[in-house]
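Chains A and B are the protein sequences, given in the same order.
Under the numbering used here, the residues of the first sequence are numbered 311 to 758, in order.
Under the numbering used here, the residues of the second sequence are numbered 311 to 758, in order.
One thing to keep in mind: the hints can contain errors.
Pairs involving identical chains hold if they fit within one copy or between any two copies, as the list cannot separate such chains.
Capping the alpha-carbon separation at 25 Å, the derived lysine-lysine pairs in PhoX-like fashion look like this [unchecked claim]:
hint : residue 1 : residue 2
1    : K486      : K502
2    : K486      : K460
3    : K372      : K313
4    : K515      : K502
5    : K460      : K442
6    : K406      : K442
7    : K718      : K442
8    : K702      : K560
9    : K518      : K502
10   : K333      : K460
11   : K442      : K486
12   : K690      : K486
13   : K460      : K736
14   : K372      : K422
15   : K502      : K553
16   : K406      : K732
17   : K732      : K515
18   : K460      : K553
19   : K502      : K585
No lab work stands behind these hints: they were computed from the structure.
Protein chains: 2
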Amino acid sequence: MEKQIVIVGAGLVGSLWAVYMSKRGYSVTVYERRSDIRKAEIVAGKSINLALSDRGWNALEKVGIADEIRSELAIPMTGRIMHGTDGQLTYQPYGKEGQAIYSVSRGGMNSKMMSLAERSGNVKIVYNHACKGVDFEKSEATFLNTDTGKEIHVTADAIFACDGAFSAVRYESMQKQSRFSYEQRFIEDGYKELLLPANEDGSYKLDKNALHIWPRGRFMLIALPNEDGSFTCTLFMPFSDGKYSFDNLKSDEQVVEFFQEVFPDFYALMPDLVKDWNEHPLSALAIIRCFPWSYNKTVLMGDAAHATVPFYGQGMNSGFEDCYAMNELIEEHGDDWPTVFDAFQSERKPNGDAIQDLSIHNYYVMRDFVGDADFLLQKKIEARLSEKYPEKWMPLYSQVTFSSIPYKTAWDTGMKQEAIMKEIMKQPNIREIWETEELERKILAQLE
Amino acid sequence: MEKQIVIVGAGLVGSLWAVYMSKRGYSVTVYERRSDIRKAEIVAGKSINLALSDRGWNALEKVGIADEIRSELAIPMTGRIMHGTDGQLTYQPYGKEGQAIYSVSRGGMNSKMMSLAERSGNVKIVYNHACKGVDFEKSEATFLNTDTGKEIHVTADAIFACDGAFSAVRYESMQKQSRFSYEQRFIEDGYKELLLPANEDGSYKLDKNALHIWPRGRFMLIALPNEDGSFTCTLFMPFSDGKYSFDNLKSDEQVVEFFQEVFPDFYALMPDLVKDWNEHPLSALAIIRCFPWSYNKTVLMGDAAHATVPFYGQGMNSGFEDCYAMNELIEEHGDDWPTVFDAFQSERKPNGDAIQDLSIHNYYVMRDFVGDADFLLQKKIEARLSEKYPEKWMPLYSQVTFSSIPYKTAWDTGMKQEAIMKEIMKQPNIREIWETEELERKILAQLE
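For reference, chain A alone in the conformation it holds in the complex (with noise of 0.2 Å):
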């Protein structure tokens, strides 16, 4: 008989991690909270757009899915687009020539996900099923039919949690355990999403291949493109401290002329303003650490293990690398769990921790440094650098995003990189001598 398998969660993570049981031949059982999105409307307002990057990538070719998400869903951005309150642009390549982010929409890529997770054969999604937890010793988890009423028992081979953020595995049963650390940080900040829809003949009133960026210093506004001309936008900003805070936009006047002031290219595109400020919810934002993610054969997997902060669209990725990950510590160990889970806690919560660092890190860089000038000049230089001696130098965001460099070693590296640059950028000719060789000479001297 084949090994009967269950995930919780057949969000993104855990439609993806389906395929790859299904295709190493175990028979697949998904239970999903929610009733089947692809036959709902999609709720709004409630997920940023999401950037899926190499390690993204990787993870779907593997199973060999990643072409049709590419030519179906993904709008690839070659770099930022800063507005300026004066309404000039600034572009800043995310990488070299043919290097992309791609932004889709998770609903979007959720149900594509779905379908590919029942495509694949061995895979069953139970819908209405809440998780209400899991007996660690018998590897046996209780679901309650939210239709019926009714709890249900399952007991599987392996269990392996993609129930997200706010996991019920994790909550109901891990936090009970013993020594099980645990921590849920909210950042200051809170977002609200907007949509800028198309123009009338369906065409895009932002640059489509780009991500843009309205950097304010405390508070920022986002627009990622979306596939039918619309972008999916989102501010950023305090909930209550400061002028700028959403606590100081309570009246609608108040909401149009804090947008006609710091937003004013983005206000005279938006039709609507008011309404759509007013239809959608304001959110917040959470960074979960928590350790271990196993106990005998259940394991946490992607949010549910380290959901961080959306500020280097890496959620998703690291989730998606996480699958990759698991899928070599089987071949490698068999489906002797308790040792694949501990191999697999061992080798990806430092990286859980280090894209958590690197988000925060981002969060800061967005909204504080994009639109500076001197930032710019140093990811210039950074750019020059990498170019001619790619071996030695490969910037911070390149390395996230356009690599498989772990997490852990990327923030390391990154954070050697910036302490360099900082006192680089501290000389005062830097604009006259940035592209000279003695220059770079001076910097690679100091990554010994």
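Guided by the hints, dock chain B onto chain A, whose structure is given.
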């Protein structure tokens, strides 16, 4: 009609707070998950003896119950006695002449506090009622009667969650609120209790008026006196790292060898070490941080808000000080509960964080340094300084233990003093000059 107050948990803080609220004229119902410990045998091995110090006494004085506790339950400990591997003893007073901390048993103390609460008139304690959550908007708590299996709903003017480190109110309800920050961090060490019985004539086997410590670097044993001539002893040690860890003490032989080697004087006193060892559980230790502490008219107090590791002996004292502080704020604001609770968490959260930092700090001090000659000399210099210039220098331990200086202030001042003393102790001739006025001037100059 009297205002109805609900307290969740009849532990030390819940019972004391019941006394306070009863004295303020409220009608108080305390719901306790367990049965009445006064009628049951006290569960052994799960509670470190507690050290009652000034903050705790102040809170007891305020409602007039300090004297009764002092005369019935408390054994003064005027200092630490360090036991070397060679059996040599070193004494270090905790404070000045007449200052002491007091050993009390958790069970004895809790029983007494419950009786005092009931005696105060307006307090009813309901046992075998487990909290299932609180509706903050309605100020309604749900309890499961564990005898009947029935749930009851109780509405109150205010709900005080004094239900300990693993607070049900916090877990079931607060953790489900958006933007509730939460951390439970287990330290790498566990603990196991042992009971060193009295001599046959009822006398103590060790000096009764001291806290005994066997500091051994990465682990330590401590002993606190009980009223009946016995000592409650606790071994703190890593779960699994290094030669000396609980994982490496699996067999009876290993346990005996370990005690013979590293605690020879203690081993010689223990009549049946192995039996005692095997009867006591191995327990974990955590710091738990969260914020906010209150929603509407529900608030966390004591361990539910700021559970800490026991190394400063301030868990109970900080919880009692919460009662004192809350009472002062009710004096100031009346029973405008959201205002009172907001003021409470603003005042007490930094102090809760600080006592946790202090507790971890003192863990290293007790474990690594109290047996060290330099450390003891440093403490002597500080004691001398404090004796001569009491308004300029109060040792950190005294600030925490023998004063009501806010923990946060104590932590900040203490770290500053520590930095100064670290430099002072580096002087090669410190042993010759430690009693000179020149040295004193040098230290005091750095305070500016």
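Against the structure, the hints come out as follows:
1. For a Cα distance limit of 25 Å, the shortest separation of K486 from K502 across copies, 21 Å, qualifies, whereas the shortest one inside one copy, 34 Å, does not.
2. For the identical chains of this complex, K486 and K460 are neighbours both inside a copy (24 Å) and across copies (23 Å), given an alpha-carbon limit of 25 Å.
3. For a Cα distance limit of 25 Å, the shortest separation of K372 from K313 inside one copy, 22 Å, qualifies, whereas the shortest one across copies, 66 Å, does not.
4. Proximity of K515 to K502 under the C-alpha cut-off of 25 Å is restricted to the intra-copy arrangement: shortest distance 20 Å within a copy versus 67 Å between copies.
5. In the homo-oligomer, the alpha carbons of K460 and K442 lie at most 25 Å apart both inside one protomer (12 Å) and across protomers (20 Å), since each shortest distance falls under that limit.
6. Within a single copy, K406 and K442 get their C-alpha atoms no closer than 47 Å, and across copies no closer than 56 Å, so neither meets the 25 Å cut-off.
7. Proximity of K718 to K442 under the C-alpha cut-off of 25 Å is found in neither arrangement, the shortest distances being 34 Å within a copy and 41 Å between copies.
8. Within a single copy, K702 and K560 get their C-alpha atoms no closer than 51 Å, and across copies no closer than 50 Å, so neither meets the 25 Å cut-off.
9. Proximity of K518 and K502 under a CA criterion of 25 Å is satisfied intra-copy only: 21 Å inside one chain copy versus 63 Å between copies.
10. For a Cα distance limit of 25 Å, the shortest separation of K333 from K460 qualifies neither inside one copy, at 32 Å, nor across copies, at 48 Å.
11. Taking the shortest alpha-carbon separations for K442 and K486, both the intra-copy value of 13 Å and the inter-copy value of 15 Å come in at or below 25 Å.
12. With identical chains, the CA atoms of K690 and K486 are never at most 25 Å apart, being 50 Å at best within one copy and 45 Å at best between copies.
13. Neither within a single protomer nor between protomers do K460 and K736 lie at most 25 Å apart by alpha-carbon distance, with minima of 66 Å and 70 Å respectively.
14. For the identical chains of this complex, K372 and K422 are intra-copy neighbours only, at 17 Å inside a copy versus 66 Å across copies, given an alpha-carbon limit of 25 Å.
15. Only within a single protomer do K502 and K553 lie at most 25 Å apart by alpha-carbon distance; the minimum there is 17 Å, versus 53 Å between protomers.
16. Within a single copy, K406 and K732 get their C-alpha atoms as close as 23 Å, which meets the 25 Å cut-off; across copies the closest is 52 Å, which misses it.
17. Taking the shortest alpha-carbon separations for K732 and K515, neither the intra-copy value of 37 Å nor the inter-copy value of 63 Å comes in at or below 25 Å.
18. Taking the shortest Cα distances, K460 and K553 never come within 25 Å of each other, neither inside one copy (50 Å) nor across copies (50 Å).
19. Taking the closest pair of Cα atoms, K502 and K585 come within 25 Å of each other only inside a single copy of the chain (13 Å); across copies the shortest separation is 62 Å, beyond that limit.
Of the hints listed earlier, those the structure fails to meet are numbers 6, 7, 8, 10, 12, 13, 17, 18, in rising order.
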